Amino acid sequence: MANLKKVIDLIANNTHEANKLINIPAQGRIISKKQFKKVMFYNITDGANTIQITDTNGLLKYKNLKVDEVIKLNNYIVPSREDNKVKNEIYVNENSILEVTGPIDPEDYVFQSKQKKTLSYLRNFPQYKFQTAYLSNLLKFRSFVEMKILNHMVEEGFVKVAPPLITENDCENAGETFSVISTVKKHFFKPTKTQKENKIGGQSNLTVSTQLHLEVLNRSIQKVFTMTPCFRAEKSDTNRHLSEFWMLEAELSYVDKVEEVCDVTEKMIRSVISDLLKDNRGLSFISTYEPFEDTYDHIEQGDEAQVTRPQRLLKRWMQLDQSEWVRLDYSEAIELIQKQIQEKDGFFINESITWGDEICTEHEKWLATEHFKSPVFVLNYPKKCKPFYMKKQKDKEMRDTVANFDLLFPEIGEIVGGSLREDSYKLLIGEMQERNMNMAHMKWYTDLRLNGSVPHGGFGLGFERLIVHLYGLKNIKDAIPFYRSYNNTLKV
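For what it's worth, my numbering labels the leading residue of the sequence shown as 545, then goes sequentially.
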């Protein structure tokens, strides 16, 4: 197998012999080329390593090599380590043999055009966009963060489990599900008793959340978690919504206070940020190159505009690491927003909010980005704003609320939602009846409260939203390799 790691090892080990001729093939994709009179420089990569090919006599000029072509070079010169001025550099000579093993069609290949390569442009070509350094590094960064989270959860005693993606349930009871239809048989799954009675066959959906199944597994294992795709048919084509996204979900038994779930959530995310600051690999994925005018979530002004991208993100990570993550009641959050509306007319687009309303995205962003300048846990929302499964309670005004939280991050808004789960059969049934929910097909879930129920809670982290903030993205569509969102074409 030809790979550049062998070439790099040869360069590193050539301590004495000047202009050593090597016939081990150097093969990779051209990611850049530069010409200075007779001297040509080509940077090639195999996806793991990068080397520079230097052509001092213009021997390859006639080849008219193009960026993104794949080439294989034999019989090149490796300088001694002492003479090698550029790290991982090899030289072409008159004996070199070059083969274009992966040519491109300049008439058909979209990246040969003079069109400016913004991220919005690259989204039109998902089969090619990862050949840009920016997006290939983003893949590595995403993998790095995911592994740090998984390792942390295991170290904290959580067991990773595999809940199903095909289900009959709509966990959020919002009706925003994708139906699963078989091309083999109309009703692929045997219908339940309820479905038979309603003559609807064995209906199934792609999961909107694995929470209900995690609650089942949590009965025998105190701490469980999963990292799976979730699917929501929500008619929202914004820079923070996806129809298919990845979510880390966790359930813990024997927890009595929602603050305990907040503690677990905060510790998990802080551990990732700490790892980013300690492990140089995290920062190594942050390219200094800024090719896209629509890359960043906001434009820095004044002196900040001169700060490099790695410096800007390093500052962001340090602020997350060092700041106190505020916790406040929903009622306090509403009062702060109302005060801002009164003091600064026209500051918000939505200038009407009262107790009982959901906190909209612009208000979430203001709380975390401008008012507190840190992540914010907003606790104890009104019952009507949240799903049926959350534990009911009363606030000091004797209003119906739930023991829950939303974690708001600067620039992005909500990235985590969590709560205690209702463990009382009577209260859970009452809430479902009040919402006119189909009780029969949820019997398996409600019966858990009749047979050895324990106090428990959990949370769900929108993984792409975390990546958006940590990588400094403007649009969540760039945080996942192949985005799926409302009213967009499935190109690949």
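Hints were generated in silico from the structure; no laboratory data involved. Computed from a predicted structure; not experimentally measured. Beta carbons are placed, not taken as given, at the ideal position from N, Cα and C, and that holds for glycine. Some hints could be false.
[Unchecked claim] Computed spacing ranges between beta-carbons, pair by pair: (1) 777 - 801: 30 to 38 Å; (2) 939 - 980: 35 to 43 Å; (3) 691 - 944: 35 to 43 Å; (4) 901 - 575: 24 to 32 Å; (5) 887 - 575: 48 to 56 Å; (6) 772 - 824: 57 to 65 Å; (7) 882 - 549: 36 to 44 Å; (8) 983 - 901: 23 to 31 Å; (9) 656 - 894: 20 to 28 Å.
[Stated by the list, open to error] Cut-off 25 Å, straight-line C-alpha distance, at most; resulting in silico cross-link-like pairs (SDA-like, lysine to any residue): (10) 883 - 822; (11) 610 - 583; (12) 930 - 982; (13) 936 - 975; (14) 729 - 703; (15) 970 - 939; (16) 970 - 955; (17) 822 - 885; (18) 661 - 1028; (19) 564 - 603; (20) 684 - 642; (21) 928 - 780; (22) 987 - 971; (23) 1035 - 642; (24) 909 - 977; (25) 582 - 640; (26) 549 - 825; (27) 684 - 939; (28) 660 - 681; (29) 930 - 681; (30) 582 - 664; (31) 822 - 869; (32) 610 - 561; (33) 582 - 635.
Evaluation of the provided hints:
{"no.": "1", "hint": "777 - 801: 30 to 38 Å", "result": "34 Å, holds"}
{"no.": "2", "hint": "939 - 980: 35 to 43 Å", "result": "25 Å, violated"}
{"no.": "3", "hint": "691 - 944: 35 to 43 Å", "result": "41 Å, holds"}
{"no.": "4", "hint": "901 - 575: 24 to 32 Å", "result": "50 Å, violated"}
{"no.": "5", "hint": "887 - 575: 48 to 56 Å", "result": "52 Å, holds"}
{"no.": "6", "hint": "772 - 824: 57 to 65 Å", "result": "30 Å, violated"}
{"no.": "7", "hint": "882 - 549: 36 to 44 Å", "result": "60 Å, violated"}
{"no.": "8", "hint": "983 - 901: 23 to 31 Å", "result": "29 Å, holds"}
{"no.": "9", "hint": "656 - 894: 20 to 28 Å", "result": "45 Å, violated"}
{"no.": "10", "hint": "883 - 822", "result": "40 Å, violated"}
{"no.": "11", "hint": "610 - 583", "result": "16 Å, holds"}
{"no.": "12", "hint": "930 - 982", "result": "18 Å, holds"}
{"no.": "13", "hint": "936 - 975", "result": "9 Å, holds"}
{"no.": "14", "hint": "729 - 703", "result": "36 Å, violated"}
{"no.": "15", "hint": "970 - 939", "result": "20 Å, holds"}
{"no.": "16", "hint": "970 - 955", "result": "41 Å, violated"}
{"no.": "17", "hint": "822 - 885", "result": "41 Å, violated"}
{"no.": "18", "hint": "661 - 1028", "result": "21 Å, holds"}
{"no.": "19", "hint": "564 - 603", "result": "18 Å, holds"}
{"no.": "20", "hint": "684 - 642", "result": "30 Å, violated"}
{"no.": "21", "hint": "928 - 780", "result": "21 Å, holds"}
{"no.": "22", "hint": "987 - 971", "result": "14 Å, holds"}
{"no.": "23", "hint": "1035 - 642", "result": "35 Å, violated"}
{"no.": "24", "hint": "909 - 977", "result": "35 Å, violated"}
{"no.": "25", "hint": "582 - 640", "result": "17 Å, holds"}
{"no.": "26", "hint": "549 - 825", "result": "18 Å, holds"}
{"no.": "27", "hint": "684 - 939", "result": "45 Å, violated"}
{"no.": "28", "hint": "660 - 681", "result": "20 Å, holds"}
{"no.": "29", "hint": "930 - 681", "result": "37 Å, violated"}
{"no.": "30", "hint": "582 - 664", "result": "37 Å, violated"}
{"no.": "31", "hint": "822 - 869", "result": "20 Å, holds"}
{"no.": "32", "hint": "610 - 561", "result": "32 Å, violated"}
{"no.": "33", "hint": "582 - 635", "result": "14 Å, holds"}
Checked against the numbered hints listed earlier, the structure breaks hints 2, 4, 6, 7, 9, 10, 14, 16, 17, 20, 23, 24, 27, 29, 30 and 32; every other hint is satisfied.
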